[in-house]
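Going down the list, the sequences are from chains R and D.
Throughout the first sequence, residue numbering follows numbering that gives the first Met the number 0, covering 0 to 692 in sequence.
Throughout the second sequence, residue numbering follows numbering that gives the first Met the number 0, covering 0 to 692 in sequence.
By construction, these hints were calculated from the structure, which means they are not laboratory data.
Among the clues, some could well be false.
[What the hints assert, rightly or not] Distance condition first, Cα-Cα at most 25 Å in a straight line; then the derived SDA-like pairs of lysine to any residue: (1) R:382 x D:47; (2) R:382 x D:280; (3) R:600 x R:569; (4) R:382 x R:368; (5) R:382 x R:549; (6) R:112 x D:668; (7) R:382 x D:287; (8) R:600 x R:688; (9) R:112 x D:671; (10) D:382 x R:281; (11) R:382 x D:281; (12) D:382 x R:215; (13) R:112 x D:672; (14) R:382 x D:282; (15) D:112 x R:671; (16) D:112 x D:285; (17) D:382 x D:417; (18) R:112 x R:318; (19) D:382 x D:667; (20) R:382 x D:286; (21) D:312 x D:322; (22) D:112 x D:315; (23) D:382 x R:282; (24) R:382 x D:285; (25) D:382 x R:286; (26) R:600 x R:689; (27) D:312 x D:109; (28) D:112 x R:667; (29) D:112 x D:29; (30) R:112 x D:667.
Keep in mind it's a predicted model, so treat the numbers as computed, not measured.
There are 2 protein chains.
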Amino acid sequence: MTGTSSAAPPTSVVPQTNTETTGAAHQDSRLLAHALRVLAMDAVEVARSGHPGAPLGLADAASVLWGEFLRHNPADPAWPNRDRFVLSNGHASMLLYGLLHLTGYELSLADLKAFRQLHSHTPGHPEYGRTPGVEMSTGPLAQGLAAAVGMALAERLLAERYNRDGHVIVDHRTYVIVGDGCLMEGLSHEACSLAGTWGLGKLIVLYDDNGISIDGPVSGWMSDDTAMRFAAYGWHVVPDVDGHDLQAVRVALQQAVADPRPSLIDLKTIIAYGAPLKAGTAVSHGAPLGVDEVRAVRDILGWPHEPFVLPEKITQAWDARPAGAAAQAAWQARMMAYAAAHPELAAEFERRLAQRLPHEYETVLEAALGQARQDARPMATRKASRLMLDAMAPSIPELIGGSADLSESNGTEWTGSRSISAPGQPANYIHYGVREFAMAMISVGLARHGGFVPYAGTFLVFSDYARSAVRTAAMMDQQVIFVFTHDSIAVGEDGPTHQPIEQLPSLRLIPNLDVWRPADRLETVIAWQMALEQTLRPSCLILSRQDCPRVTPQDMDLTALRRGGYILQGNQDGAAAQLVLAATGSEVALALDAAAVLRRKGVAVQVVSLPCTQVFDRQSVSYRNMVLPPGVPKLFIESAASAPWYRYVGGCGDVLGIDSFGESGPGAAVLAHFGFTMDHVVNRAQALLAEGG
Amino acid sequence: MTGTSSAAPPTSVVPQTNTETTGAAHQDSRLLAHALRVLAMDAVEVARSGHPGAPLGLADAASVLWGEFLRHNPADPAWPNRDRFVLSNGHASMLLYGLLHLTGYELSLADLKAFRQLHSHTPGHPEYGRTPGVEMSTGPLAQGLAAAVGMALAERLLAERYNRDGHVIVDHRTYVIVGDGCLMEGLSHEACSLAGTWGLGKLIVLYDDNGISIDGPVSGWMSDDTAMRFAAYGWHVVPDVDGHDLQAVRVALQQAVADPRPSLIDLKTIIAYGAPLKAGTAVSHGAPLGVDEVRAVRDILGWPHEPFVLPEKITQAWDARPAGAAAQAAWQARMMAYAAAHPELAAEFERRLAQRLPHEYETVLEAALGQARQDARPMATRKASRLMLDAMAPSIPELIGGSADLSESNGTEWTGSRSISAPGQPANYIHYGVREFAMAMISVGLARHGGFVPYAGTFLVFSDYARSAVRTAAMMDQQVIFVFTHDSIAVGEDGPTHQPIEQLPSLRLIPNLDVWRPADRLETVIAWQMALEQTLRPSCLILSRQDCPRVTPQDMDLTALRRGGYILQGNQDGAAAQLVLAATGSEVALALDAAAVLRRKGVAVQVVSLPCTQVFDRQSVSYRNMVLPPGVPKLFIESAASAPWYRYVGGCGDVLGIDSFGESGPGAAVLAHFGFTMDHVVNRAQALLAEGG
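Full structure from sequences and hints, please.
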């Protein structure tokens, strides 16, 4: 624990010969690393854009890790029991692309030459789904680290549930490379504290401790004793490892593998290692080295080959396909024996990995829908959500829930769930503590590992703390279900710091994210159903703290609900409506009440519920025009920032929203203060008709 | 450093008698604490809502801190040299309200009885501006702690600039109370790491280490060795202090005051101390204790008085007004001597505290405007911003900039600025490292302290990491200038993780925040001017990475620019326009180009630039209708999520935006991919006219 991140890295830019590893094998190993270096450096030159410094600095450690430790099969990047590798400092993407190419993934030299070009397989930062072997989209710092904690947790939970004596089918490690930036980010604290508490011994983090960030030497803004910090989290720390001494890296990795705690290997490296002018400086971080410096690096490394030319000896030495195929074949043999011994467990395991819901799902869903139909009680939608979990979760072992210290408030901890914080049976519930961002990113990691449908709860207003993770889940098409409760000013007394205003419409602006705000118990069940069946993207469930009256009729057509927006009450004479009142969540009941008054005043009103605008937007034009008929004045009612609703207003309409911060007071008083009363809705509607008419 | 946060707190719920402090004085001191306890407990009962556990647990430590250490003047909560006190665990608000009432702030017993009622001075969580003596709006955990780091930094920077031999006019401490939740949040890592690096010796944090969070005993989700963690940050830690032993707290505070490092006092406390059934349990956290338990606490504490009845002996002992008035008077005498000895410094100090810009401001602004008018070069608006800082910042000593490790990219580190990371002269620039959230909250703290106009830079896409802090700045009406660069898909190669889509419109949804996205150098100067003069709220400057052509004419009427939206090019025949092309930032040039083509095709086009919709919305209806005439088809062009623009579309119009994630590739290729080309704009405009016509 004497290492500090601000300690000066080794000052030489050329390899330090280590007597233990001198010799031909050593030289060969170094050449393997140099192949990574030149690929990264040359691809950045061709692209005239990119980050050469980190790949040059990390090539030695990466070649030991990938060459001697990582268990993977380039021919099948989806092999379930592969070791996971996450490059949390995603700007070092060319390091990863070089590794993928050299070890035999479907990533050609032509792909490397297309680095950072539109629609290439080698985008500027690693993107999951774009490049075979890339596990995580990284770039926003520390997110890869936090997702890796989720992956390591996934491995542990699956191992606990499925491994049996003599049948170990889940057994892999999760390796992460992080930079100074990742460890400065607060997210690293949240995620690594949890990893320590959970004792994730198969998580191994390699810290590229090069002492340089974009603004220069980090000593001016990062003087943490990182080794001590991680020891305080209960981690195993390997301090002061010379990141350019292959044997030292090897020994450190061996120690990490052997230790039952999560491990941090503090690699002292030189950014842009090998570059005579730019090594050890920030200028190498984010810009090409330039022709002269690249030539000089070649000389210093003793690399005579032209760009993108690799000697066969090197490519053969790097090729991980034979070993990978053998490893996967051995695992498949174990799986077959397991399936013979434990057919039900094996079937469940494979079902979960295939993202198929269990057989029982349909039955329990029908039962939940039936109960919701029968239940006329006013009910907070967070409570309806909790009842849904109580009914469904026991049949869906892949559901792994959690909350950022608001389990009871969020209704996320269902009856019979087993907390990771309690000893005993394999867990299916996570007490994340007050760590919204880590919760969301760990959920992404659980989903990306496979075998889990994670859900994660906090107050809607604190979705802001986790917002970038919600974005990343959406960008990576991951099925994560965010349960955001206490969804409006109606939370009341806790006041403006706890009352969401802009959060709901802001979440709706994130691409590829379905945001559900159900109005009553039945809509809540449908929202859960849609989220559980939506495997292509994350969903948000936006739920009320306060009771909401039942608004859907007992014989409600559920197909309509599943369209994200529907006519809850048509104009009752059958004639065309003069006015549409459209609302979401707790405001739907208000719309119904106002509609009743307006009808008594002779206004032909259509009431629309819009629990999910994203799903509604995916319906046909004719359906949408039926629900929100063009030319008919419309009043949208939602206790949130108003601007985005105007998209649906068309030529004539109005929005009753809130465009200032909230107020502390009893919920009903706060709602009245902001105009969420029947009288005010009726007045606004009449004013709209007067204008529009 | 043996303390761990998961160590069991003392188990008794009644006071442990400490032999050193036994006696009448001790009993009196305890009664002072008990007064705080009963006020908190009773107010929560009356409100039937609130958090009694933390006030009961913290009352002893708070009574020592406020009774013996805190230097403040209840008669003048704005006294510049007061000690700052921040309650970071804002849910313990009744502790703070009790302290404010008892020490003599303008907060009556009637106010306490109105706890959590609409428009009362005692909202559910502390709100700056609502209650005299409340320094920060807190509730979102760890934000108060990070803001306090900013306050302590402000004190140090002002002391370095203004104190002179024999004339110490800036000399106060910043005290913070934090809970487990604050320390679990990642923000605590970012802020406390910086506080350690900066050596903020006058920052003293009292950690309410009660071992309980909302979900229960924290040992299941927080096993950090907090003392070791803070030692790793370079803090002075006072471990294992019995938070109910007044003398132990006193000694710990004395040690903290004496130590030159920032201090963390680890107070082992019992949540809901004194409550026979609920002490030490999570049920006391967020709900009233109930009549029976409240009665039992009274018995145990030996407090015979009715709710809100305080013996005069107690109120007199608490009254801090005489000491406060004396302290402030002594300081004012020092200020007078200082003003006599250093009149210019004194005038500058007072000017800064009064939030008045310096005399030279007008002159340098005129010069900057003149230069911008003359400059026809295409220029990235981030570069224009940097030039503006180069021109203005030397004359505005209250400007304190910084960046989250992107100083050069953001253009925030102006020529001649002095980094806090360098030795020597008082700093006016902060290298925050990769810590966006802490940067934003420290900026709020700098602003709240007084004497500073902070600005803070990062990439727009990473505003998500800091989003809750931007909200808090807006909620607290604080002048903080956020410089968010790399503002669209045009960042190009870095790809979707670095390309903002929803961030710009999402920021616009935050109430009380002015969001400027200037189109060229002249608009950038105006945006800076408006942000510098806007003392009532924060502003965002959304700036391009890439060069933007000059769009404003050399003789541009600056009044129009300052209206947030204006006609950049009217229809050139003087007749009414058939079409409005409206755009912001880098898309304004595209609108101009398309307009030229459309005019050649005979379309009468009006081009509108809308650099700040919030300021535009504050203009008169007639002005807004002139710029965006109702009934005229409008095409809005902005490389961001489109939905919120429909608010301005009215009956007929269209938005060219982006509602999916970005792509990695050269900027021009990415722009073309998403339709941001002249041809596509012309086509969309023609399609719109065909529809609308």
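For each hint, the structure was consulted:
| no. | hint | verdict |
| --- | --- | --- |
| 1 | R:382 x D:47 | 21 Å, holds |
| 2 | R:382 x D:280 | 23 Å, holds |
| 3 | R:600 x R:569 | 16 Å, holds |
| 4 | R:382 x R:368 | 15 Å, holds |
| 5 | R:382 x R:549 | 13 Å, holds |
| 6 | R:112 x D:668 | 17 Å, holds |
| 7 | R:382 x D:287 | 21 Å, holds |
| 8 | R:600 x R:688 | 12 Å, holds |
| 9 | R:112 x D:671 | 22 Å, holds |
| 10 | D:382 x R:281 | 20 Å, holds |
| 11 | R:382 x D:281 | 20 Å, holds |
| 12 | D:382 x R:215 | 20 Å, holds |
| 13 | R:112 x D:672 | 21 Å, holds |
| 14 | R:382 x D:282 | 19 Å, holds |
| 15 | D:112 x R:671 | 22 Å, holds |
| 16 | D:112 x D:285 | 18 Å, holds |
| 17 | D:382 x D:417 | 19 Å, holds |
| 18 | R:112 x R:318 | 20 Å, holds |
| 19 | D:382 x D:667 | 19 Å, holds |
| 20 | R:382 x D:286 | 18 Å, holds |
| 21 | D:312 x D:322 | 17 Å, holds |
| 22 | D:112 x D:315 | 21 Å, holds |
| 23 | D:382 x R:282 | 19 Å, holds |
| 24 | R:382 x D:285 | 18 Å, holds |
| 25 | D:382 x R:286 | 18 Å, holds |
| 26 | R:600 x R:689 | 14 Å, holds |
| 27 | D:312 x D:109 | 20 Å, holds |
| 28 | D:112 x R:667 | 19 Å, holds |
| 29 | D:112 x D:29 | 23 Å, holds |
| 30 | R:112 x D:667 | 19 Å, holds |
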